[in-house]
Amino acid sequence: MQKICFNIIYDLLKNKAILGYFILLSMVGWGVFMLESQPEKALLTLLQITLMVLPLITITFTTIYYYNSNEFILLLLAQPIKRGALIIGLYTGISIAFSGAFLLGIGLPLLFYYPGIESISLITSGVLLSLVFTAIALLISTYVSDKARGMGIALITWAFFAFIFDGLLLLFMYQLADYPIEKPVLMLSFLNPVDIARILVIMKTEASAMLGLSGAVFQNFFSGITGSIVSVLVMILWIVGPYLMAHRKFLRKDL
Amino acid sequence: MINIQSLNKNYGKQTVLKDINLSFKSGQSIALIGPNGSGKTTLIKIILGLVIADNGSIYVHEKDIRTGPDYRREIGYMPQMSRFPEQMKVFQLFRLMKDMRPDVPEDKYDLTLYESLKIDKIKNKNLGSLSGGMKQQVSAALAYYFNPSILILDEPTAALDPLSNEILKTKIRESLTQNKLIITTSHILNDLEEICNHVVYLIEGKMTFNESIEALKEKTSENKLNKMVVALLQKK
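Listed in order, the protein sequences are those of chains A and B.
No gaps in the numbering here: position 60 of the first sequence is 60 in my numbering, and each next residue is one more.
No gaps in the numbering here: position 130 of the second sequence is 130 in my numbering, and each next residue is one more.
No lab work stands behind these hints, which were simulated from the structure alone.
Be aware that one or more of the hints could be misleading.
Facing chain B, from chain A, some residues (calculated, C-beta under 8 Å) [stated by the list, open to error]: (1) K3; (2) L13; (3) K16; (4) E71; (5) L74; (6) L76; (7) A78; (8) K82; (9) I96; (10) K249.
Computed footprint of chain A on chain B; a stretch qualifies when at least three of its residues, placed anywhere within it, have a C-beta under 8 Å from a C-beta of chain A [claimed, not checked]: (11) 39-52; (12) 63-75; (13) 91-105.
No residue lacks a Cβ here, since even glycine has one placed at the ideal position from N, Cα and C.
With the hints as extra help, turn the sequences into a complete structure.
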């Protein structure tokens, strides 16, 4: 398994897409802090970018990479290698590459310009999001054998988590504005890993003061240590769930 | 060496293999033939564990293939269309494969095809830039590289030039004398005739006949494999 993992990482490092992703993140990471005099604002800009760009690139790239690795997968599976070891190696390799690019590209400037709890929580969220969307991408690509359809589904999934979900949530809140819906909304936001990441970071910053009255429930829950632990746990569920489904499918798939 | 018992496979509603029972022994060279879409490649892929059968069982060296991937140590596989990671160079491919096969010590490697097909000359080329025939050469060298006791060759000669074709056929004949088991599919029956001593014929996923070439010769009083096949199919 380690050998497969090393080979994937080696292959990804040669890949120009992952290098481009790293360069993009570094430019944004360092650039935002150089342009913005208030580090607090710079952090919020980086948060927005992390929440939009990171899932998009992670999910599309991983899906493409899986389909392009078809030959590699067939080649290895004709050897005495367990399917389980191969899919774990594939997931670990891609995850390490993406989390690494994020840590070096966004994490370094954050720690350099704005060392503190806000930056740590943004870095944690970014790494967790990379792991979540790599797992979701593997889930899509193991279930859908057609490349074009797989890519389409990956993009729709991204759009769903990036803005469609929030739109529906807002609609729900607007319709039921007369009722005390803070708790249900809190629960619902756990259904979206992007929202968990967003809340996790915002609650650590002063921007949370602007959330108003209904924000107080969130504030109470998330700023405490339990809130952080619960949200990290839910994120881990978002990693383990899709990955295990992809793993199961891969073990009994016709290649 | 390979024992297949009541094997079935459907893709959705389409039946690909229906109740296949076969037993292959060492020293046999099997010609697995049949029209397009008769399930030859699927059968091979099931033996390799790349496709999973609906029911039935396969034993390789008395070991059920569902118990783990170790039985594949004994199998060298040359796929129908050799597709490799495009960016990888030929020497990197061999390095990777050696890396994946720590079970075979270096002095056990079978380099004859690697040398006679002159793979060393193209070792710095990208696999993506190789022609179809060159990929097949790499694939053939790789199938033999780890000295397996079973060789599964899916359309090995289709894309090869005449010289490489002869080299491969010589190698196959030679490995027969070493008591290996060889399973070859091809539509070029003239090629098969030279290297096989047993014929398995599939039509629409059903085994139509399974006999040695000697027995077929007697039955049909024909000398050429293609004539034998035609004669047998007309009888049925």
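- request: Provide an ascending list of the numbers of those earlier hints which the structure does not satisfy.
  value: When the structure is compared with the hints, numbers 2, 3, 9, 10 turn out to be violated.
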